Every structure is written in structure tokens, then in C-alpha cells.
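Q: Sequence:
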Amino acid sequence: MPEPIADVLTTQASVRPRILVSCSLSGPANDAWLIEDLTDYADNVGQELRAQGADFELLDVGAAASWEMDAATGLQGFDGLLVLGGGDIHPSLYGQRPIAAPGYGVDERVDQAEIALVRSAAASGLPVMGICRGMQVINVAFGGTLIQDLGPASIHQVHTEAPGMSDHEVVIGPDTLLASALGAGSTMVRSGHHQAVQDLGAGLLATAEAPDGVIEAIEHEDHWVLGVQWHPEDPDTTFGQLAALMRTFTDQCRKGQPPAAHPDGQTLSA
1 MPEPIADVLT TQASVRPRIL VSCSLSGPAN DAWLIEDLTD YADNVGQELR
51 AQGADFELLD VGAAASWEMD AATGLQGFDG LLVLGGGDIH PSLYGQRPIA
101 APGYGVDERV DQAEIALVRS AAASGLPVMG ICRGMQVINV AFGGTLIQDL
151 GPASIHQVHT EAPGMSDHEV VIGPDTLLAS ALGAGSTMVR SGHHQAVQDL
201 GAGLLATAEA PDGVIEAIEH EDHWVLGVQW HPEDPDTTFG QLAALMRTFT
251 DQCRKGQPPA AHPDGQTLSA
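Residues in the sequence shown are numbered consecutively from 1, following UniProt numbering.
Read the hints as simulated data drawn from the structure, not as lab findings.
Careful, some of the hints might be misleading.
Now the in silico label distances, taken between C-beta atoms and shown as ranges [stated by the list, open to error]:
#1 99 - 206: 17 to 25 Å
#2 152 - 125: 41 to 49 Å
#3 98 - 15: 39 to 47 Å
#4 212 - 164: 15 to 23 Å
#5 33 - 77: 32 to 40 Å
#6 32 - 93: 24 to 32 Å
#7 255 - 33: 36 to 44 Å
#8 151 - 199: 34 to 42 Å
#9 167 - 33: 15 to 23 Å
#10 185 - 32: 35 to 43 Å
Quick caveat, the model's predicted, so the values are computed rather than measured.
Where is the CB? At the ideal position from N, CA and C, for every residue including glycine.
Between the sequences and the hints, there should be enough to build the whole structure, so can you do that?
A: Here it is, written out as C-alpha cells:
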């Protein structure tokens, strides 16, 4: 005899998705202020994932990148991938030479490991979300490029030796994953980045923009992939923003969508 519909819905709602959270906390190129900020942000994200009924494992990819990590194997048993903030991505990975402007926390091993995780997760149909650097990793993983430095007049961070957060507006496009979480239109965000998306990767769409035209969110037209350039996990961000984003993400992880085909009919390689 089939289970009553109410019981089936209750069972589905109680399933705790397992999320792999990637962040480089011990990379040798990380300054002390960066490690401190990343640790606090990872803690905030972890607390919110638990509040949304999800289990997670934090992968310190700065340590893991010292050995050859197999992305597909590393994702086994997980229902989604969340890539957090961190240092700059090595320009060679998106076809550029380093410019004179200073970068920070650059570790090509970390970049390659997280790019492989994003590609493998998307190819397997797992939901993928990225925050700040995580959004940039997503863009590079799909073949996009980055602006290496937004310059000293940028509104996207406080320009000090240990860059601080800046508050600015973004406009979210309608009928997007991001709008389903935060609503379309204008909202305030906490931002702290000196790099940004330049050319979008294959299949990616820009779904939020800052007043200076910088792309502040991206999504994929075929895969459940969402990246935000700001820091919803900052304690001074707009109340409820992190909860809304993590709820949207974990709900999708809980659904266990079947693998999606790449637009050209081929899967993505890690």
C-alpha cells in the first residue's frame, strides 16, 4: 500500500543534504588577516547550513591541494558544493599574465583543485554555489576571465592594508535563482573584493550588477549554479540575506536533481 502523501512529504522535508564546503584556510600565501576573516566566515556559513537542516564537511583545500585530489571521488556522498571566499586566482588559469597591481593569497594548486571540484559537481548534476572568490572560481571553471584589479577608486572594498568591507547597492535581475531567494530589484550588500568577472564563462549569465557595472552575481542557464560576489556571511550584512541564500541552495541540494546535460551534449571534464 502506498505511503500517504503527507508522510512522503514529511520524509522528504526531513532529509538532511550533505554539503561539501571548500575554502583555503591554511594556504601558505594567506596573510594572517585573511585566514582570520575566512575562518569567521566559514563558521557563519556552517551555522547557517545547520540552521537550514543540512550537514556539511569543510574541506581546507589549502592543505588538500598539496596532494593530487580527485574531484569526482572527493564529491562522492555529497549533495552539493559550496565554494567560499579566499585569495586571488592565478591569472594563467584564465589566459592572462599577472599585471602590476598586487594580488593576495595566490595559490595555483588551490585554484586548480577548486576549479576541478566545480566542473565535476556541475557535470554530476550537483547544485553549486560560490561566494566572492567562489563566484570567480565558477566563472573560470566555465572558461570565463577576470578583471585582475578594479583600481583604487573601486566601491567594492575599503582600501587599506587589510582590506575591509564596503556597503553598496546591487540590482538583481527578475526571474533568476537569486531573485527567488532575495527578490528582484535593489538591495544592499557587504562587499570586499578587488577582482571581478570580466568575460562570462560558457553558459553563464550575469544576474546582478553594482552601480559601476561590475557583475555581482552569476547563474548557469542549464545547471543549478549560483555565484554572488559579495559576502552575505559577513555579520554586518543585511539581516536574513545569508539565511535566504542558504535556504534556496540547501532546498535544491535536498531535491537531488538528476544530472543535467551540457549545452553541447557533452559532460564537463574536471
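Q: Any of the earlier hints contradicted here, and which numbers?
A: 8
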